[in-house]
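Visitor: In the order they appear, the protein sequences are chains A and B. Under our numbering, the residues of the first sequence are numbered 3 to 551, in order. Under our numbering, the residues of the second sequence are numbered 21 to 231, in order.
Incorrect hints may have been included.
Footprint (simulated), chain A over chain B, 3 or more residues, beta carbon under 8 Å [to be verified]:
| no. | segment |
| --- | --- |
| 1 | 33 to 40 |
| 2 | 47 to 59 |
| 3 | 73 to 84 |
| 4 | 150 to 161 |
| 5 | 197 to 204 |
Examples of chain A residues lying across from chain B (beta carbon under 10 Å, computed) [unchecked claim]:
| no. | residue |
| --- | --- |
| 6 | ASN82 |
| 7 | PHE292 |
| 8 | GLY341 |
| 9 | ALA349 |
| 10 | PRO358 |
| 11 | MET366 |
| 12 | THR392 |
| 13 | MET460 |
Since the hints were made in silico from the structure, they are not lab data. Predicted model, so just to flag it, every value in this text is computed and none were measured. The beta carbon of each residue, even a glycine, is placed where N, CA and C say it ideally should be.
Residues per chain are reported as follows:
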Amino acid sequence: MDNSSGVLPVEQVKKSFYQESTNKYTGIGAWLLTKDHKRIGLMYMYAIISFFVVGAIIGLLMRLELLSPGGKLFSAQTYNSLFTLHGVIMIFLFIIPGIPAIFGNFFLPIQIGARDVAFPRLNLLSWYVYITGAILALTSLFLPGGPIDTGWTFYIPYSVRSGTNVSLALFAAFVLGFSSILTGINFVTTVHRLRGKGMTFFKMPLFVWATYATAWIQIIATPVIAITILLVIIERAFGVGIFDPALGGDPILFQHLFWIYSHPAVYIMILPAMGVVSEIIPTFSRRTIFGYKQIAYSSLAIAFIGYLVWGHHMFSSGQSDLSNMIFSLLTFLVALPSGVKIFNWVATMYKGSIDPQPPFLWVMSFIVLFSIGGLTGLVLGSLATDIHLTDTYFVVAHFHYVMFGGTGTIFIAAMHYWFPKMFGKMYNIKCANVAVVLYFIGFNMLYFPKFIMGYMGMPRRYYNYLPMYTPYQRISTYGSWILVGTIFFIIGYFVYAYYRGKKATSNPWGGVTLEWHIQSPPIMENFETLPVITHDPYDFSQLKEMKNE
Amino acid sequence: MGPAPTVHAESVDFVMLYIVAISVVLLIGITVTMIYFVFKYNRKKGHEPVDIHGNVLLEVVWIVIPTLLVLSMFYFGYTSFRELRDKPDNPFIVKVTARMWQFTFEYANGKKTDTLYVPLNAPVDLEMKSVDVNHCLYIPAFRIKEDIIYGQTNHLYFNAKQTGDYDIACAEYCGLNHSAMYTKVKVLLDNDFTKWYGGNWQPVKNGSASN
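Pulled out of the complex, with its shape left as it was, chain A reads as follows (with noise of 0.2 Å):
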């Protein structure tokens, strides 16, 4: 056969990255001095979860306070500022980097048979101007002044009148914003530039595409947000009346820059998200993808179609009428891209040969709760509704059936995917098959509940809250403490199995695409000789002859 996949066979023989430097350092300095895209990809990994795990312990925190009414833990302030962080780490630290700083990373190149990406040298840039970010969002905690307290939103005129460090706070944003404007850049280059011989737009994985189609917002959106917290900093630095109507600005200008990039950036965070699904649903299911060319178009069209329905957030604000009809009709539209993904998906199950293993069971659990969360988005779209559950916990709930139940459960998804291949280690399927369920089932509990109190009228962003929403309240931490425990069993199997797992072989699911020809840990540069691809992404009659490999 021809030796399209360029690959070595099963067993390791060669050295993988880890056993190799791209520099002349060894130890930590072949970490932090590295150009080699896996290894940047991974430290990544360490950061963004880190990160996740103080937000998670932050959220766990909002949720103890609001056990039950009257609060007892903290102060209003303390409250204040520990939802405005949750909201900023997560947004910022976690779910905005997440899948493509890590698993783009580290997958992007390989799928696409290329050696690393495009710019080696500004990969690891963009990771220490990350690095920076946080550390300056985290200096802002600890500075006189106190924690910024004015939601992750940075609503003006609270934001010039806040005492607390809100300018360093936003700065960290901009400064995270030129990280993803770099590892942007980076992968549209790498995709036009670096695609391997006979790997055509058509042939990439869906992946690589949803991942393309993030870069671009990445790029196009991220500038807006960067001068928006620029114009802010100056107001707050000297007076100047930009959007402070005491200083004849415009506090509404302000909702509109800040969502014409956060609405998008809502697409940055879902996207990569949705090619890891479109990866694992073939892989499980043993055949092609169904409707690859509308999967690939969809993600484009919500790319697109997502920079324009930015007023949807601004229904109360005092708009004007027309405004309110052109947004709520494109939010409609918008929803019409990620149906036809869901429906495709669904369909790609159909007369496969279907083997539910951990990284398919996250994604049947992903379909659910996004599509909940797709779904509620409707509600919020449409004017009447929007009108009375904006800014309640009905919104709060929708964004984390889709941010977290959507973009988080297939960041776990994908951890259990590529695990093995990036750690040369297998995980215990057990502990994972029993990790979704619970996950699933304190998921819901935590956050179904946010539904109901929404349209009671409970507002979001409450220290306190009146008696009748107790039950709710509660059962609502109650489900904080199992899906939390939840998150650090994973944490804690994968730990384990990082030190104490059995080796996985290179291709323990019976991948095609070309990560799964290659080595577990790949090596340095991952392939020994660069492949040709002859199959299609998604061609299930090539594993038949990768077992002869």
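Put chain B on the given structure of chain A with help from the hints.
Guide: Frame of chain A; chain B shown alone:
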């Protein structure tokens, strides 16, 4: 929650029910199909997988039907929203001032209160201003809210058809005591309201009654 206190609340509940009903059907459909496939096409059963690359008819179906569904949701949401703009020419106007962390209501006769008093079955227009940061006046029972933005006047319109006390909450984060920024709207019978108001308050129910 009892009968809805405004006509608009009823129509919002209808839109909600409409969207949720369709959503539940879709959600159950997706979930059941998926679980069915996992059992039916389980690898243990030893089927040979069949590569199906797509189906144009299906793709058209699941673009067109959802498009029609979401357009109908948009339509109901929009028409219900329009009710909030169907203000008669001379509503009962109350000026609202929001500050950290309190609402103040000022009536045409100069009366000022912390609690909003309104007459039953009368169109009420709140003229809302803020003196510091953004707030939002939210009456969950009426299913309405509107932001109160510093530097601009926003309006909120309603017409209560049921007497009683209903919560008013601030729904736009405004700092330390945001969660304590609660008050009530008290909907009173005509007579009670006139007594409380201390005189004629220009009833507008039957057009030119104020003359």
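Visitor: Checking against the hints above, which ones are violated?
Guide: Violated: none.
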